[in-house]
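Undergrad: Spelled out from the first residue to the last, the chains are:
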Amino acid sequence: MKQKLLDTINKFEPDKSKSPFLWTLYDGLHTFLFAPNHVTKRGVHIRDNMDLKRTMVHVVLLLQLCYLFGTYNIGHQHFLAIGEYTGFLEGFHLKLLYGFWQLLPIFIVAHVVGLAIEFYYAAKKGHSIEEGFLVSGALIPMIMPPDLPLWILAVSVAFAVIIGKEAFGGTGMNIWNVALLSRVFVFFAYPTEISGDEVWVAGLESTFPGSAVEYGWIHLVLFNGLFEWAGWATFDPGWQVADGFTGATPLALAFQGGWDAVTEVYSQAAMIWGTIPGSIGETSKPLIVIAAIFLGVVGIASWRIMLGMLLGTIFTGVLLNLWGATPFMTVPWYHHIYIGSFLFALAFMATDPVTAASTNRGKWVYGFLIGFFGLIIRILNPAYPEGWMLAILLMNTFSPLIDHLVLRKNMQKRLASA
Amino acid sequence: MKKASYAIFLLTSLVIMPLDVLAQSGSGINLATSLIIATVIIAFGAIVFVADNLLQLESRRQLSDKDIEIDASLLPKTIKGGVDLPSYIPKERFIHLNRGFDINLEGKPEKRTVETPFVTRYSVLPTDFRGIAPIPKVVPVDGDNILAGDELFFDKRNPEIKFVAPVSGEFMGIERGEKRAIHEVNILADKEIRYRELPAIDLATAERSDLISYLMKYGGWVHLRQRPFDTIPEPNETPRDIFISTFDTAPLAPDLNYTLAGENAAFQAGIDLLNKLTDGKIYLGLDGRGKDLPSDVFLNARNVEKYWFKGKHPAGNVGVQIHHIKPIKKGDVVWYLHPNDVVILGRMLTERRYNTERLVAFTGAEISPNVYMRTRPGANLSDLLSAFKFETDHVRYISGDVLSGDKKEREGFLSFWDDQLTVVLEGDYYEMFGWLLPQAVRPSLSKTFPGFLLPDLEFRADTNAHGERRAFVVTGQYEQVLPMDVYPQHLIKAIITNDFERMEGLGIYEMSEEDIAICEFVCTSKMPLQEILREGLEIVNE
Numbered sequence: 001m002k003q004k005l006l007d008t009i010n011k012f013e014p015d016k017s018k019s020p021f022l023w024t025l026y027d028g029l030h031t032f033l034f035a036p037n038h039v040t041k042r043g044v045h046i047r048d049n050m051d052l053k054r055t056m057v058h059v060v061l062l063l064q065l066c067y068l069f070g071t072y073n074i075g076h077q078h079f080l081a082i083g084e085y086t087g088f089l090e091g092f093h094l095k096l097l098y099g100f101w102q103l104l105p106i107f108i109v110a111h112v113v114g115l116a117i118e119f120y121y122a123a124k125k126g127h128s129i130e131e132g133f134l135v136s137g138a139l140i141p142m143i144m145p146p147d148l149p150l151w152i153l154a155v156s157v158a159f160a161v162i163i164g165k166e167a168f169g170g171t172g173m174n175i176w177n178v179a180l181l182s183r184v185f186v187f188f189a190y191p192t193e194i195s196g197d198e199v200w201v202a203g204l205e206s207t208f209p210g211s212a213v214e215y216g217w218i219h220l221v222l223f224n225g226l227f228e229w230a231g232w233a234t235f236d237p238g239w240q241v242a243d244g245f246t247g248a249t250p251l252a253l254a255f256q257g258g259w260d261a262v263t264e265v266y267s268q269a270a271m272i273w274g275t276i277p278g279s280i281g282e283t284s285k286p287l288i289v290i291a292a293i294f295l296g297v298v299g300i301a302s303w304r305i306m307l308g309m310l311l312g313t314i315f316t317g318v319l320l321n322l323w324g325a326t327p328f329m330t331v332p333w334y335h336h337i338y339i340g341s342f343l344f345a346l347a348f349m350a351t352d353p354v355t356a357a358s359t360n361r362g363k364w365v366y367g368f369l370i371g372f373f374g375l376i377i378r379i380l381n382p383a384y385p386e387g388w389m390l391a392i393l394l395m396n397t398f399s400p401l402i403d404h405l406v407l408r409k410n411m412q413k414r415l416a417s418a
Numbered sequence: 001m002k003k004a005s006y007a008i009f010l011l012t013s014l015v016i017m018p019l020d021v022l023a024q025s026g027s028g029i030n031l032a033t034s035l036i037i038a039t040v041i042i043a044f045g046a047i048v049f050v051a052d053n054l055l056q057l058e059s060r061r062q063l064s065d066k067d068i069e070i071d072a073s074l075l076p077k078t079i080k081g082g083v084d085l086p087s088y089i090p091k092e093r094f095i096h097l098n099r100g101f102d103i104n105l106e107g108k109p110e111k112r113t114v115e116t117p118f119v120t121r122y123s124v125l126p127t128d129f130r131g132i133a134p135i136p137k138v139v140p141v142d143g144d145n146i147l148a149g150d151e152l153f154f155d156k157r158n159p160e161i162k163f164v165a166p167v168s169g170e171f172m173g174i175e176r177g178e179k180r181a182i183h184e185v186n187i188l189a190d191k192e193i194r195y196r197e198l199p200a201i202d203l204a205t206a207e208r209s210d211l212i213s214y215l216m217k218y219g220g221w222v223h224l225r226q227r228p229f230d231t232i233p234e235p236n237e238t239p240r241d242i243f244i245s246t247f248d249t250a251p252l253a254p255d256l257n258y259t260l261a262g263e264n265a266a267f268q269a270g271i272d273l274l275n276k277l278t279d280g281k282i283y284l285g286l287d288g289r290g291k292d293l294p295s296d297v298f299l300n301a302r303n304v305e306k307y308w309f310k311g312k313h314p315a316g317n318v319g320v321q322i323h324h325i326k327p328i329k330k331g332d333v334v335w336y337l338h339p340n341d342v343v344i345l346g347r348m349l350t351e352r353r354y355n356t357e358r359l360v361a362f363t364g365a366e367i368s369p370n371v372y373m374r375t376r377p378g379a380n381l382s383d384l385l386s387a388f389k390f391e392t393d394h395v396r397y398i399s400g401d402v403l404s405g406d407k408k409e410r411e412g413f414l415s416f417w418d419d420q421l422t423v424v425l426e427g428d429y430y431e432m433f434g435w436l437l438p439q440a441v442r443p444s445l446s447k448t449f450p451g452f453l454l455p456d457l458e459f460r461a462d463t464n465a466h467g468e469r470r471a472f473v474v475t476g477q478y479e480q481v482l483p484m485d486v487y488p489q490h491l492i493k494a495i496i497t498n499d500f501e502r503m504e505g506l507g508i509y510e511m512s513e514e515d516i517a518i519c520e521f522v523c524t525s526k527m528p529l530q531e532i533l534r535e536g537l538e539i540v541n542e
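As they're listed, the protein sequences go chains A and B.
Counting from 1, one number per residue, gives the positions in the first sequence under this note's numbering.
Counting from 1, one number per residue, gives the positions in the second sequence under this note's numbering.
For the record, the hints were derived by calculation from the structure and aren't laboratory data.
From a predicted model like this one, the values you see are computed outputs, not experimental measurements.
Hints may be right or wrong, so weigh each one.
[Unchecked claim] Using 20 Å as the maximum straight-line C-alpha spacing, the simulated SDA-like pairs for lysine to any residue come out as follows:
| id | chain 1 | residue 1 | chain 2 | residue 2 |
| --- | --- | --- | --- | --- |
| 1 | B | LYS447 | A | GLN412 |
| 2 | B | LYS447 | A | ILE290 |
| 3 | A | LYS41 | B | ASP128 |
| 4 | B | LYS493 | A | VAL289 |
| 5 | A | LYS413 | B | ARG469 |
| 6 | B | LYS447 | A | LYS41 |
| 7 | B | LYS281 | B | ALA200 |
| 8 | B | LYS447 | A | VAL289 |
| 9 | B | LYS326 | A | VAL39 |
| 10 | A | LYS409 | B | LYS329 |
| 11 | B | LYS447 | A | TRP303 |
| 12 | A | LYS4 | B | GLN439 |
| 13 | B | LYS191 | B | SER382 |
| 14 | B | LYS330 | B | LYS310 |
| 15 | A | LYS41 | B | LYS329 |
| 16 | B | LYS329 | A | GLN412 |
| 17 | A | LYS4 | B | PHE433 |
| 18 | B | LYS330 | A | VAL289 |
| 19 | B | LYS111 | B | GLY331 |
| 20 | A | LYS41 | B | PRO528 |
| 21 | A | LYS41 | B | HIS183 |
| 22 | B | LYS156 | B | GLY177 |
| 23 | A | LYS125 | B | MET527 |
| 24 | A | LYS409 | B | LYS330 |
| 25 | B | LYS407 | A | ILE290 |
| 26 | A | LYS413 | B | ASP499 |
| 27 | B | LYS330 | A | TRP303 |
[Stated by the list, open to error] Covered stretches of chain A, as calculated for chain B (at least 3 residues, CB under 8 Å):
| id | region |
| --- | --- |
| 28 | 43-57 |
| 29 | 292-303 |
[Said to hold, decoys possible] So the derived label-pair ranges between C-beta atoms look like this:
| id | chain 1 | residue 1 | chain 2 | residue 2 | range |
| --- | --- | --- | --- | --- | --- |
| 30 | A | GLY324 | B | ASN498 | 26 to 34 Å |
| 31 | B | ASP428 | A | GLY169 | 25 to 33 Å |
| 32 | A | GLY169 | B | ALA133 | 48 to 56 Å |
| 33 | B | ASN498 | A | LEU405 | 45 to 53 Å |
| 34 | B | ASP485 | A | VAL112 | 28 to 36 Å |
| 35 | B | LEU57 | A | TYR334 | 37 to 45 Å |
| 36 | A | ARG408 | B | GLU160 | 39 to 47 Å |
| 37 | A | PHE315 | B | GLU58 | 29 to 37 Å |
| 38 | B | ARG374 | A | ILE9 | 37 to 45 Å |
| 39 | A | PHE21 | B | GLU531 | 25 to 33 Å |
| 40 | B | PHE433 | A | GLU228 | 37 to 45 Å |
Every residue, glycine too, gets a C-beta built ideally from N, C-alpha and C.
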């Protein structure tokens, strides 16, 4: 069977010199379906079974946990805003479907734009497709608000992949984390689209009580038809945003009124389990912790960075608690660990091996400083109460410097004793 | 000491962290309660430690008359810190290397020697020697009858250094490769090897210069190798020290305790000879892994400094041992030898003939039985392999180990330095979704494969690269398997970018292909590290 399939695929091989783009596509598909038959030539005769595809796919697989919950939570937040089916399991099919329908275009646009650029450059440079965008493409939808206009998403992905990665030479050469670069692009280029309250809850015209919700014909005609046939609850176009709904994220509340203001709106349990508004992938803390532990134990993500970042955050949190000048500073440090996107940044963003420090000692410093700067930005910055994106990009910039210092120490030691 | 400080740090943070949380939460738990909790934790820890000590004392008392050791402790070994040394290892000469990786392959050699089939052809391969010109001057003409130890060829740059015949027989001429470089110098072997008799030399009275010219003239010199660069040493340079590793940790490596058993006299003679050649010391790296007591050939060696090494591969590599005993600085020259070569030098004095006979291990899952055979380097492989059974002929023959050995054809010859022949399956197959769900268990450093849960599992390896070459993405992987204070990935990057200063600063003089080979094995990006390192060494050598 395998041989037959292989022969069939081989029949379609395009001519590399005539149509390099087609060949790149073909090669990408071929190596995806079949691990290639390359044998070792010089040097070692046997090789480890690990390759970059497998490394990357493990991150993507663990992200599926966040995808699952994120899909559900988009719907859940939508229904919380309109005050219907507020229980976690009520209206389950509606929430899941609503979330899926919201997430799917984001996922598709991010991948189509990113992969097309990746394939184009691979063909142009004449090398096979590198796996870097597998992870970036899976991360980008996770860190965007669910209601982000798709054209902004497309522009930001194109910016991140072209300027952030291909301009530096492709996978492995980039200085900044590609996924974060796409988000920072949205953040600075379209600030109203990402810092407003509405975007965190999908499908509302505005978060004022009484404003209408938006459903497309897909929901009202296709799915409602299906659900009616099955005898389940359906979408109602007459739903309105409920009284008392604010749509504000915990961080915005904490900035204004400290921890008390947060707990008035969100329970501690909701913030830990993730049934709060936020970027699609970052809300469920237990799932992220599971992913972080798995990645750390199998060695795909650096536990040094993760631990360093945790320590840096705790250190800064305690310092700011002692200072206590603003309401946000008085929020006890241990609450900072599960509000906002700290854990998601720790598990998936800071640990990107290409942009992080590459020496073991450097990783401790790198992680610690991300924790330090991230919390400083989160707490002291009046414009935007979340700091991990900027802190990680900042430390991405400085990670070569950290490595340089570590290496210089090693070099000096060697030369000094010579 | 390091472990103890870690433990203290961990304990204190365990105590302090909940204290802080409890004190701040204000949910009815006050400071006094938290202090009580902390005291309970500490008291419990103290009880465990005392109990553990009592248990160990008692077990030692009970077992004192018996010749067994039992690790009676409540704590797992890693927490206890330190290593229990066998009594024969002195603590101050013991070096424990935490990093490294043992590739556990099928086809380890049994301690059994089988009869060698008659080998008709031998060949000395000029390509085995680093630092000589590709076209050496060949001395005998075709059809000449030569003795083992007779001159075969010399390098035109160093005409004093002779390369001699390993066996007696009829000279069969040379085979040339690319650019007319000489690849093989062939001899049709006699049934009974006749040796050229070497003049006697008295170590007690001989001058250093006499010994050097003796070794150069009769073929012993080329058994010496120098670091950096792994070349044959220059005769006018005196080495700082000489290093010998007496155990091999490479995959499927032969057991030197077995292969060199009974060579006490020759080994000691070789050591004494080497002692005359350096003003420094001779360092012997011994197997401190504690599984086997090293052979008395090494244990009883005199006039050497012995160091014991424990760790996974490459703990047995001489380069790693040099790094930990006395690192090579810029401008230093040290020599190193394989124990086999020490024995050959020793035999030149004790037997007064050039005798390269050694036990060679035939390893790898594709060849059976996995045993030893007494032969010489340069022996024709197809003659040797006629004594073995193969399940398939789609295999790769490797003179040496799977990490840094040479690929050979079946009609090829055993390399000059090797005492191992490995046969592995060629892996030129496609594997459906092989990167996601491999259809066979294979050795890997990565814990994404369940193999790491079964440390005793033996793997059947093949030569498939398991992936395509990529840019550097993963970091920290090389450091995990190379027990040296170097940054391999940054060194390789410095070589690629031709950054001379960094190469030197990051320790390129201490590195050799066999040391970095394990990094190349684990490399996720499938980089050809050995090749790049050699390029770098060539650059700094110029």
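Undergrad: Against the earlier hints, flag every one the structure doesn't satisfy and list their numbers going up.
TA: 1, 4, 5, 6, 7, 9, 14, 15, 18, 19, 25, 27, 30, 32, 33, 34, 37 and 38
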